[in-house]
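Following the hints, complete the assembly by docking chain B onto the known chain A.
Here's the letter readout for the chains.
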Amino acid sequence: MNIAGNFIATAGRVPDKPFLVGSTGESYSYSQILSRARRFATVLAARGAGPGDRVILTFPNSVEYLCAYLGALFLDCTLLIVDHRSRPAHIEYVRGNCQANLWVAPGERADYAHIPGFMAFPADLERHQEMPMDRLCTGENPQALIMYTSGATGVPKGVCLSHANLQHTIRSITQWAQIDGNDRELTTLSLSHLFGLAHTHIYWTLGGTVFIEEKLQDIPGILEKLSRERITSFPGTPGGFKMILDRFPEQFARHGRGLKYIIVNSAPMAREYIERMLDLLPDTRFYMYYGLTEASRSSYICYNDHRDKLETVGRPTPGSETCVGSPSSPLVGEPGEILIRGPHLTSGYWGMDSDPFFVDGWLRTGDLGMIDSDGFLTWKGRVKEQINIDGLKLTPMEVESVLMEHESVMDCAVVGGPDELTGETVVAFVVPRGEPGKRLEIDLRRFCKSRLEIYKVPTKIVFIEEIPRTDAGKTKRMSLKERLIP
Amino acid sequence: MSPNDVKLRNLLVEILLIDDNQFRDENGPDMIETWDSLAMVRIAVGVEEAFGYKMTPEEMVSLDSIGDIKEILRSHDIGFDQ
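Keeping their order, the protein sequence lines are chains A and B.
Position one of the first sequence corresponds to residue 5 (the numbering used here), numbered consecutively onward.
Position one of the second sequence corresponds to residue 142 (the numbering used here), numbered consecutively onward.
Check before you lean on any hint, since a few could be wrong.
Stated by the list, open to error - Below 30 angstroms or equal to it, Euclidean Cα-Cα: the simulated DSS-like pairs (lysine-lysine) are:
no.	chain 1	residue 1	chain 2	residue 2
1	A	Lys-229	B	Lys-148
2	A	Lys-453	A	Lys-442
3	B	Lys-195	A	Lys-229
4	B	Lys-211	A	Lys-480
5	A	Lys-480	A	Lys-388
Claimed, not checked - Distance windows between CB atoms, simulated:
no.	chain 1	residue 1	chain 2	residue 2	range
6	B	Ser-216	A	Ser-412	37 to 45 angstroms
7	A	Val-435	B	Val-147	26 to 34 angstroms
8	B	Ser-216	A	Val-336	57 to 65 angstroms
Source of the hints: derived by calculation from the structure; they are not laboratory data.
Each residue gets a CB set at the ideal place from its N, CA and C atoms; glycine is no exception.
Just chain A, with the same shape it has in the complex (with noise of 0.2 angstroms):
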């Protein structure tokens, strides 16, 4: 079932409860949602959008965001949703990858003109009829979305996600964190991540209502929301919550006592800052989860009922199957490959192979983890080269093809280096052509901010007089990992 219908179903059950609430306050029913993302549908119908189509919504959290979505859902088109911070070689390729056939975007953006089937969210939206309802849904697509993720060579995978994904991860989470209807969320994760799209898929499904911030940016007002507009649940990732239990931690423990639940979520977090949240928040319950868009919420732990157990992400979700090493012979105690199966995987990447990517029905994560006799599972790192920016991914190549391009680089190789505040950073490691130098390293800082997401961007330049390689000509990150710690 589509998961839009979810949404259709919850607004002729409680049509007047309130489901987004804006960051300055401005509050939509479900029945008003379900009319503008009914218009919304009408206007996408119009330009000639219908099931399977694909079209790409590139949104800030807004509540237009949240009516876009919905509307093309309803017409049964699948989605790809991507950052609205991308640059525009990112949003070409992406088009160009799936043949999208429109693109939805907030307004007109200069930088935006020459990609073609752009569209700007209509501003006199009121102006258009609602979408009768009996053409809503039909079930004629089972694709729901397609997330672009980076891949292992640098070139971003588009991972397909059916509705029947996306239904069975919107059941157990609410399952196994005990949503309901009566739960208030407030997210200032990103709704272009599955982590925080998905926690919207569930609250639509159940009642329950959403406050959405764009960014973790004015965290006092923020934190002094959480109890003025009674907050249930705050997700949130390991660098966000961090910054607050450095920064804040007496705001959180006034503003944070009636949270019922925090889900963190994306990259590790540290021993320490989980006892800390525990202390702060005792009768708050506090689940971390382990997944990746391919798999989403494969494992969970609630920290308050595994106290020795902060170390790990874990056992799996209802309905999913985690084991290390290779399924006919699981590793226990040993670290290796994690790999999954189960109902929320993946059924691969758009447009191309990917068989090299499953073994028996299981998805090769390229993670590294290690399942202790209990069968929590441990994080241990990655097989593959990523670097992890508080959830953020990205792979080495994608920030070397573009350092490669300056005319002062001759040689680089990227690594994640430690970061007290995002857990990785990205550090460019490069043989310069001339003079190295301050002015330099900004120069290439600069020049990957032309081109790249901000997340992207080195935060350090380290020249070097050679980039260790193999006899193969492989990167020996690790040794130049090795120089970055202090």
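Frame of chain A; chain B shown alone:
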């Protein structure tokens, strides 16, 4: 430009990757796309290292512009050009 202005400009160029001509009092998170919450923390840490003054959390989140950073530092006897 005074030595403290140069020091602050270099710090913000380093963290925010702004151009020299963006180092203007009125510029802040609305004008500088790299100025997000993480950058704010990095600015506070950088200011402490460069000027020896540790911003309070309230001061940190009240930063709406480059001029605000200077004002906070001025109130602790760290001078900048007017």
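### Hints that the structure is at odds with (numbers, increasing)
1 and 4
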